[in-house]
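Residue numbers (the numbering used here), protein chains in the order written: chain A, 1 to 83; chain B, 1 to 160.
Keep in mind the hints are simulated off the structure, nothing from the lab.
This structure is a prediction, so every number in the text was calculated from the model and none was measured.
Among these hints, one or two may not hold up.
Just a sample of chain A residues kept apart from chain B, beta carbon distances all over 10 Å, derived [said to hold, decoys possible]:
#1 Q59
#2 A69
#3 D72
Per label pair, the in silico range of CB-to-CB distance [said to hold, decoys possible]:
#4 B:G28 with A:Q11: 31 to 37 Å
#5 B:Q6 with A:D65: 47 to 53 Å
#6 B:G13 with A:K42: 46 to 52 Å
#7 A:P79 with B:E43: 37 to 43 Å
#8 B:E139 with A:T19: 32 to 38 Å
#9 A:Q11 with B:T20: 26 to 32 Å
#10 A:R48 with B:A17: 25 to 31 Å
#11 A:D34 with B:Q6: 22 to 28 Å
#12 B:A130 with A:A52: 44 to 50 Å
Simulated coverage check for chain A against chain B, where a stretch passes if three residues somewhere in it have a Cβ under 8 Å from a Cβ of chain B [to be verified]:
#13 1-9
#14 75-83
Glycine included, C-beta positions come from ideal geometry on N, C-alpha and C.
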Amino acid sequence: MKILYFAWLRQRVGAGEETVDLPEDVRNVAGLIDWLKTRGPKYEEAFRDTSAIRVAVNQEFANLDAAIATGDEIALFPPMTGG
Amino acid sequence: MSVRVQREDFDIGAEIAALTDGRTDIGGVATFMGLVRDVAGGEKIAAMTLEHYPGMTEKMLGGIEAEARARWPLDATLIIHRYGRLAPGDRIVLVVTASAHRTAAIESCEFLIDWLKTRAPFWKLEETGAGTQWVAARESDDHAAARWDEPSGSANKAAE
């Protein structure tokens with residue numbers, strides 16, 4: 001599974017993109033974030049406040065309870081500030 | 001009918017000309033152009049870097065543009081959004097809408113910039129004398145975008 005990080009999430013995680021093997025029991029975005037947080041202090045810090053995190057699954061906005069599967073492109077980022 | 005996400009600057013006059021040359025059905029053109037301000041939260045800004053999500057950005061802007069065209073009778077539309085490092089005074093974004101009548105052009109232009117601010121995956125990093133900081137999303141931008149949620153085709157009701 002491809003995971004993309006943007007803005008301060010990218011800086012805190014220390015990478016803009018990574019490919020991970022999803023554990024079988026991870027079924028949705030919230031589960032993915034919980035799993036990411038177990039991967040080290042950088043992740044724990046980056047995902048401490050999930051209310052500040054927005055999600056896209058395969059380039060469509062999604063909620064934390066959105067289902068995910070191997071092969072999906074998941075993007076995690078703070079609220080957008082374009083324009 | 002056109003969305004461009006680019007590092008390069010743009011020429012608003014040339015863009016409008018390209019959109020309207022040879023057309024005799026267009027009665028009005030509305031534009032919004034966003035520039036980098038030099039002050040944010042009392043701090044002087046040296047530069048601003050715009051990051052985006054390649055692929056999704058184009059898709060979201062295309063979707064927002066299609067929504068505008070579904071709501072208003074538009075003859076031509078253009079959205080240009082820049083990314084990369086910009087200095088105060090630099091152009092960031094351009095929205096152009098053209099229609100037979102002014103109301104459709106003006107309303108749809110406002111709709112596009114309001115929606116773009118909250119739905120297009122861009123993030124701004126400001127550089128000040130004190131270092132760098134990511135710009136926080138503003139609630140007022142959410143409110144500005146939310147008033148278009150009713151797909152009535154007219155802002156008047158929602159905007160009060």
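* Taking the beta carbons of G13 of chain B and K42 of chain A, is their distance inside 46 to 52 Å? -> Distance hint for G13 of chain B, K42 of chain A holds at roughly 48 Å.
* **Cβ separation of R48 of chain A and A17 of chain B, checked against the hinted range 25 to 31 Å** => violated (51 Å)
* Asked: If you check the beta carbons of G28 of chain B and Q11 of chain A, does the distance land in 31 to 37 Å?
  -> violated (44 Å)
* Is the hinted range of 37 to 43 Å satisfied by the C-beta distance from P79 of chain A to E43 of chain B? -> violated (20 Å)
* Asked: Once the closest CB in chain B is found, is it more than 10 Å from A69 of chain A?
  -> holds (19 Å)
* Consistency of the no-contact label for Q59 of chain A, given chain B and a CB cut of 10 Å -> Violated, since 4 Å does not exceed 10 Å.
* Asked: Quick one: are Q6 of chain B and D65 of chain A within 47 to 53 Å, going by C-beta?
  -> violated (36 Å)
* Asked: Do the Cβ positions of E139 of chain B and T19 of chain A conform to the proposed distance bound of 32 to 38 Å?
  -> holds (36 Å)
* Three-residue Cβ test at 8 Å for the coverage of the segment 75-83 of chain A by chain B -> holds (count 8)
* **Cβ distance range 22 to 28 Å for D34 of chain A and Q6 of chain B, holds or violated** => violated (38 Å)
* Interface-negative label, D72 of chain A against chain B, beta-carbon threshold 10 Å -> Check passes; 13 Å lies beyond 10 Å.
* To do: Go ahead and decide if the range 44 to 50 Å is satisfied by the Cβ distance of A130 of chain B to A52 of chain A.
  => violated (22 Å)
Comparing the model with each earlier hint shows violations of hints 1, 4, 5, 7, 9, 10, 11, 12; every other hint is respected.
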